[in-house]
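Undergrad: Going down the list, the sequences are from chains A and B.
Numbering (numbering that gives the first Met the number 0) for the first sequence: 0 to 551.
Numbering (numbering that gives the first Met the number 0) for the second sequence: 0 to 551.
Honestly, the hints are just simulated from the structure, not real lab data.
Treat the hints loosely; a few may be bogus.
The list treats identical chains as one, so a pair stands whether inside a single copy or across any two.
Stated by the list, open to error - Below, simulated BS3-like cross-link-like pairs (lysine-lysine); rule was C-alpha separation at most 27 Å, straight line:
#1 Lys358 / Lys451
#2 Lys182 / Lys362
#3 Lys326 / Lys301
#4 Lys180 / Lys362
#5 Lys268 / Lys2
#6 Lys2 / Lys44
#7 Lys333 / Lys358
#8 Lys358 / Lys277
#9 Lys318 / Lys277
#10 Lys44 / Lys79
#11 Lys217 / Lys17
Spelled out from the first residue to the last, the chains are:
2 protein chains.
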Amino acid sequence: MAKVIDFRTTPDQYRHWKVEYHGEIAHVIMDVDEQGGLFDGYELKLNSYDLGVDIELNDVIQRMRFEHPEVKVVLLRSGKDKVFCAGANIRMLGGAEHSHKVNFCKFTNETRNAFEAAEADSGQKYVAAVKGACAGGGYELALACNHIMLTDDSTSSVALPEVPLLAVLPGTGGLTRVTDKRKVRRDLADIFCSIEEGVKGRRAVQWRLVDEVIPNSKFDDVVIERAREFASESTKENISRGISLAPLDRSMGESEIQYTFVNVSLERKHGRAIITLKGPTDNAPVDMHEFESQGDQAYLLKLCRELEDAILHLRFNEKELGLWIFKSEGDSTKLLEHETLISSHTDHWLANEVCQYWKRTLKRIDVTSRSLAAFVENGSCFSGLLAELLFSVDRTYMMEGEFEDDDRAAATFTLTDVNFGLFPMGNGLTRLQTRFWGAEEQVDVANSLIGKPLDAEQAEEHGLVTVILDDIDWDDEVRLFMEERASFSPDAMTGMEANLRFAGPETMETRIFGRLTAWQNWIFNRPNAVGPSGALQRYGTGVRGEYDMERV
Amino acid sequence: MAKVIDFRTTPDQYRHWKVEYHGEIAHVIMDVDEQGGLFDGYELKLNSYDLGVDIELNDVIQRMRFEHPEVKVVLLRSGKDKVFCAGANIRMLGGAEHSHKVNFCKFTNETRNAFEAAEADSGQKYVAAVKGACAGGGYELALACNHIMLTDDSTSSVALPEVPLLAVLPGTGGLTRVTDKRKVRRDLADIFCSIEEGVKGRRAVQWRLVDEVIPNSKFDDVVIERAREFASESTKENISRGISLAPLDRSMGESEIQYTFVNVSLERKHGRAIITLKGPTDNAPVDMHEFESQGDQAYLLKLCRELEDAILHLRFNEKELGLWIFKSEGDSTKLLEHETLISSHTDHWLANEVCQYWKRTLKRIDVTSRSLAAFVENGSCFSGLLAELLFSVDRTYMMEGEFEDDDRAAATFTLTDVNFGLFPMGNGLTRLQTRFWGAEEQVDVANSLIGKPLDAEQAEEHGLVTVILDDIDWDDEVRLFMEERASFSPDAMTGMEANLRFAGPETMETRIFGRLTAWQNWIFNRPNAVGPSGALQRYGTGVRGEYDMERV
Numbered sequence: 000m001a002k003v004i005d006f007r008t009t010p011d012q013y014r015h016w017k018v019e020y021h022g023e024i025a026h027v028i029m030d031v032d033e034q035g036g037l038f039d040g041y042e043l044k045l046n047s048y049d050l051g052v053d054i055e056l057n058d059v060i061q062r063m064r065f066e067h068p069e070v071k072v073v074l075l076r077s078g079k080d081k082v083f084c085a086g087a088n089i090r091m092l093g094g095a096e097h098s099h100k101v102n103f104c105k106f107t108n109e110t111r112n113a114f115e116a117a118e119a120d121s122g123q124k125y126v127a128a129v130k131g132a133c134a135g136g137g138y139e140l141a142l143a144c145n146h147i148m149l150t151d152d153s154t155s156s157v158a159l160p161e162v163p164l165l166a167v168l169p170g171t172g173g174l175t176r177v178t179d180k181r182k183v184r185r186d187l188a189d190i191f192c193s194i195e196e197g198v199k200g201r202r203a204v205q206w207r208l209v210d211e212v213i214p215n216s217k218f219d220d221v222v223i224e225r226a227r228e229f230a231s232e233s234t235k236e237n238i239s240r241g242i243s244l245a246p247l248d249r250s251m252g253e254s255e256i257q258y259t260f261v262n263v264s265l266e267r268k269h270g271r272a273i274i275t276l277k278g279p280t281d282n283a284p285v286d287m288h289e290f291e292s293q294g295d296q297a298y299l300l301k302l303c304r305e306l307e308d309a310i311l312h313l314r315f316n317e318k319e320l321g322l323w324i325f326k327s328e329g330d331s332t333k334l335l336e337h338e339t340l341i342s343s344h345t346d347h348w349l350a351n352e353v354c355q356y357w358k359r360t361l362k363r364i365d366v367t368s369r370s371l372a373a374f375v376e377n378g379s380c381f382s383g384l385l386a387e388l389l390f391s392v393d394r395t396y397m398m399e400g401e402f403e404d405d406d407r408a409a410a411t412f413t414l415t416d417v418n419f420g421l422f423p424m425g426n427g428l429t430r431l432q433t434r435f436w437g438a439e440e441q442v443d444v445a446n447s448l449i450g451k452p453l454d455a456e457q458a459e460e461h462g463l464v465t466v467i468l469d470d471i472d473w474d475d476e477v478r479l480f481m482e483e484r485a486s487f488s489p490d491a492m493t494g495m496e497a498n499l500r501f502a503g504p505e506t507m508e509t510r511i512f513g514r515l516t517a518w519q520n521w522i523f524n525r526p527n528a529v530g531p532s533g534a535l536q537r538y539g540t541g542v543r544g545e546y547d548m549e550r551v
Numbered sequence: 000m001a002k003v004i005d006f007r008t009t010p011d012q013y014r015h016w017k018v019e020y021h022g023e024i025a026h027v028i029m030d031v032d033e034q035g036g037l038f039d040g041y042e043l044k045l046n047s048y049d050l051g052v053d054i055e056l057n058d059v060i061q062r063m064r065f066e067h068p069e070v071k072v073v074l075l076r077s078g079k080d081k082v083f084c085a086g087a088n089i090r091m092l093g094g095a096e097h098s099h100k101v102n103f104c105k106f107t108n109e110t111r112n113a114f115e116a117a118e119a120d121s122g123q124k125y126v127a128a129v130k131g132a133c134a135g136g137g138y139e140l141a142l143a144c145n146h147i148m149l150t151d152d153s154t155s156s157v158a159l160p161e162v163p164l165l166a167v168l169p170g171t172g173g174l175t176r177v178t179d180k181r182k183v184r185r186d187l188a189d190i191f192c193s194i195e196e197g198v199k200g201r202r203a204v205q206w207r208l209v210d211e212v213i214p215n216s217k218f219d220d221v222v223i224e225r226a227r228e229f230a231s232e233s234t235k236e237n238i239s240r241g242i243s244l245a246p247l248d249r250s251m252g253e254s255e256i257q258y259t260f261v262n263v264s265l266e267r268k269h270g271r272a273i274i275t276l277k278g279p280t281d282n283a284p285v286d287m288h289e290f291e292s293q294g295d296q297a298y299l300l301k302l303c304r305e306l307e308d309a310i311l312h313l314r315f316n317e318k319e320l321g322l323w324i325f326k327s328e329g330d331s332t333k334l335l336e337h338e339t340l341i342s343s344h345t346d347h348w349l350a351n352e353v354c355q356y357w358k359r360t361l362k363r364i365d366v367t368s369r370s371l372a373a374f375v376e377n378g379s380c381f382s383g384l385l386a387e388l389l390f391s392v393d394r395t396y397m398m399e400g401e402f403e404d405d406d407r408a409a410a411t412f413t414l415t416d417v418n419f420g421l422f423p424m425g426n427g428l429t430r431l432q433t434r435f436w437g438a439e440e441q442v443d444v445a446n447s448l449i450g451k452p453l454d455a456e457q458a459e460e461h462g463l464v465t466v467i468l469d470d471i472d473w474d475d476e477v478r479l480f481m482e483e484r485a486s487f488s489p490d491a492m493t494g495m496e497a498n499l500r501f502a503g504p505e506t507m508e509t510r511i512f513g514r515l516t517a518w519q520n521w522i523f524n525r526p527n528a529v530g531p532s533g534a535l536q537r538y539g540t541g542v543r544g545e546y547d548m549e550r551v
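Chain A extracted, bound-state conformation (with noise of 0.2 Å):
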């Protein structure tokens, strides 16, 4: 599995999908390629998915919000009889590593959370229209729809077989959504998760599994009856035309990855990367109008795609790369221009888009595995949003007073709006409220500072950054801080981060990157699942798994 995974897709590159948009109601048609797998040795059989169909199926998301605003309601539904789908392909998890399966698992995640954040933040409800078997990562999709409707007929039926029939748990979220958002009344759940063969007809209502069920007859009309009523209750404005998204152009060097204003320096002698944000070139359009007519190559929209795509492929592409480093180049002041167009007007449709792309994009980094840091140097604009990035990583470094030979403008960074209330993480918390969770009078010193550029000694005595060092010291402890981390155990760097990062409440969000996810990967880890005898080999075998019955 060393070929390089490229995130980038285009809707006429589909081997999975199809969309059909009619008007208000957009149809999500899964109808999975068997041969279109993304590793070879495994076929896609009955609708089951590996990365590359989910790639596709973020790029089916993205678009919907950027390219077509006019859709209320996205209604998903299989193109193949008999089964809607039947989750991730197994053969393809026996063969997978540990850590592609770990990492699929988290992109696959954020993707079921970006149906439920399409609904709370842009107004498209996702629907499931299930008719068919629908088990495993199949039900999981349904589950992130905020409403489920079921076939009552003899084959269709919803079901979480992982634990009886593989041995690993329902780890796309399913035994969260399952207690937390269905509410299932947990020892129906406990049944629910131990039965292959899952629940079908009026016991999957009366269970809570799905919203509605519908005699086979009539489910088609209903369906389409249903979508027109929730979308003729949407409150969702009517936008009559979105932007496009045309592929991001990117060169992929031995050692760089350039974007136009993203650049990714892979320096794998020392396991590290370092991500470079530039600040705009152009002046911030005049108004909402201009920003539309430059569409997808408006910087602040532009910037955004060409991080989340350096995020994902060096998640999974670049994995012993363990330290991200985030710096960033440019004017300060003309940046907040650019996001004081956007942050000025959320009530323009575009203008939430990009927040809100924003917003995933900036969660993607704080479930990111790695560890994380930022540099905050002479010449750098950490302003407004990007100022996120010094309170999403695990330390912030900034330079102090002048540096010898350095006639780049003194580090500072200036706060803003956005920094409080705009891009709240999983939990619920903007990241400057997790950062001073308990301390929330230092949240309002914050706040007294936006406008203000900060210099080193004031950021440190805020509590903005972790460290500031001036030329004599500053190459030596990056340097150090840097060694160190690159000579730590990379898995207990992981649970490390996973626990500092989510102080205070806790979230359905948190909890499936958190405690869900976490015991999907130690069994992903245990000889009962993954072990010659376990039962993701044996599967399809005839042969069940042999199980070491010790409890731990």
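Start from chain A and add chain B according to the hints.
TA: Leaving out everything else, chain B in the frame of chain A:
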């Protein structure tokens, strides 16, 4: 490690702790006997601990509450020069099986939580007086205290060196308490958890790692002064005399463990244990005065002690018994008379202690990694506080209607006030609130049923049991359930149950047993920690662990 671990101990058997009682203030002095390890192959140097040390500590805490209700402040100190506590013994961890490590961490977590519960529920405040090195599990002991005092000298510091030194996590609540209890800023926590030598002096206060730092020359005086202050500020009632806890009687056979009110049948061939709780034979004491004079022979206290011992015994010594079935037999009416005395006198210190003890014991059940079921059979007495067992387990089966040749009273149980607040789970909700999460009206309905014996049909109608079965189906269905459960992968069960049991809000406690423990367990399976070149094996050899640097 096949020897039977016994959780029963008495102060005269302690090898590792000294307890001095000075009126309202108790001194708990850790002075670990290097040669007193529970297993062979390691020495407990530098006040490091193993399970045996923690079994004694658990006993100290328990006796403090029952035998010494006069105590308002517990001073935790070290009996050694230059070291407070070095944490869990690394050689012990390096040599222990995965299942022992996990069980050990769970038990130590429960003991740490009991420090905090002692102040919250009984007004006994734990204070750590730290002199010398306080590292890893040593600092986690201090973190569980509600006030940490550190002496200011060159050798005294607090540290969590697990990540850099051992490639595992501070998994006994350390990471969670640093961010969520001490509210250390996340980037400072990141530094703190990355430096082997820890933090000392003024910085430890600035970073919120300790509450005060005191010059060495004044340390002992200030500690006593502070303890007196806390004692004088305490709102705890003055109780001059406790009751004593005599050793529990139990007889262990090959396939049975017998206590007075608890019987455990070990069905090894089937991988299950049947735990039967017996109702009271004697009438309830007429008042708390009589209850107090019965002391540890009072029914509800004795039953709880026996149940707790059985739980701990089975967890550690019978790991292949993956399914626990709770049964009961006895007279519900008489049981409720015993309960009423306690539940209507929660302002009496001993009634309160008995309730709090049940709360802790029920919580032990919630976090036990075994499949749990209850069988409500004819002649059973699952009423009031024993009904909590029905809502703790993963599934409940109840007998319905007449059973041939069965002259026991038909199966019923009765809810009481105690099911609606007295025994919250770790998530802060009652078990019924958790069960009906998202359907609060069902809690209200259950509340309206207080005092009415419920038969199977009624119990099912109100969602209080999972499955009801009549004479024709009972034997086959419960057998099938038990066989099915025994056929699943124990790991998948553990992960599933840990997710399904805790719907709704999370607390520091559920985060410790959920997020933190799951990550720790994952790391305990990774070669970077436990492999032949991993950090745990290499510890003390002078050679660092060799790590696979791939991030997953």
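Undergrad: Tell me, in ascending order, the numbers of any earlier hints that this structure violates.
TA: none
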